[in-house]
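Model the full structure from these sequences, guided by the hints.
Residue-level listing of the chains:
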Amino acid sequence: MTVKIQKEDFDAPLEVGAMYDNCANPGAVVTFTGLVRSRDNDKELIALELEHYPGMGEKQLEKIVAEARKRWDLQDCLVIHRFGRLKPKEQIVLVACISAHRGDAFAAASFLVDWLKTKAPFWKKEIYADGSTWVQERREDIERAG
Amino acid sequence: MKLVYFAWVRERIGLDFEAVTPPQEVKTISALADWLCARGDNYRYALADRSAIRVARNQTFVGWDEAISEGDEVAFFPPVTGG
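For the record, the sequence lines run as chains D and E.
Residue numbers for the first sequence follow our numbering, beginning at 1 and rising by one.
Residue numbers for the second sequence follow our numbering, beginning at 1001 and rising by one.
Keep in mind that a hint or two might mislead.
[Claimed, not checked] Straight-line Cα separation of at most 20 Å, SDA-like style, residue types lysine to any residue; simulated pairs:
(1) K124(D) x I46(D)
(2) K124(D) x P54(D)
(3) K119(D) x V1020(E)
(4) K1002(E) x G57(D)
For the record, the hints were derived by calculation from the structure and aren't laboratory data.
Here it is as structure tokens:
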């Protein structure tokens, strides 16, 4: 199980390929990549600034991954979350789960993405041509994370 | 005690972090926030609406009633928006 918080971009196929060696009998891989959207309303986004809590970020991601491994039969699991200034279409987050059968990998990946939204100490600020706004938590995300 | 601030809490207070020595009677995070608010408008502006703030003690989410002690790292921040 691996957790990384980094400024640099990541290469999803390379990261996932490196996980196979940790698995005794991999049969299913589910990956999720989150990107910066160009717009959430009618305003064009220039960039997204991602702030994080160093130290607590890693601890929370490790807790979330440990919880997923308790609930599902996973052979390996990876979460990479970026911080810093990101432009539209840049990658923000990568979640990858490997299991023997697809059910565990699908369920665990979905759980991890939902939990990241409400349990990982990251904050997004949207930068527009005429100013900036901190992104607010979404009720829908809280309900999905349970 | 080390205090750390993030996102708009950090912007409103005007600091990333600071070291403070609150008086003995400040025993919880809630009391700590009250004590901070008495120090200046910037703290009141950041911490007045507690429903909009989340807190962590030694890098773990806790509630406002959490007891604090010397040497702790206490963080104040808005609800997280990662992922």
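Quick rundown of the hints versus the structure:
Between K124(D) and I46(D) the alpha-carbon distance is near 13 Å, which keeps this suggested pair within the 20 Å criterion. Restraint check: the Cα-Cα separation between K124(D) and P54(D) comes to about 15 Å, which is no more than 20 Å; the hinted pair holds. The suggested pairing of K119(D) with V1020(E) is violated, with an alpha-carbon distance near 27 Å, which exceeds 20 Å. Taken as a hint, the K1002(E) and G57(D) pair is honoured in the structure, with Cα atoms around 17 Å apart against an allowance of 20 Å.
In the structure shown, a violation is registered for the earlier hint numbered 3 alone.
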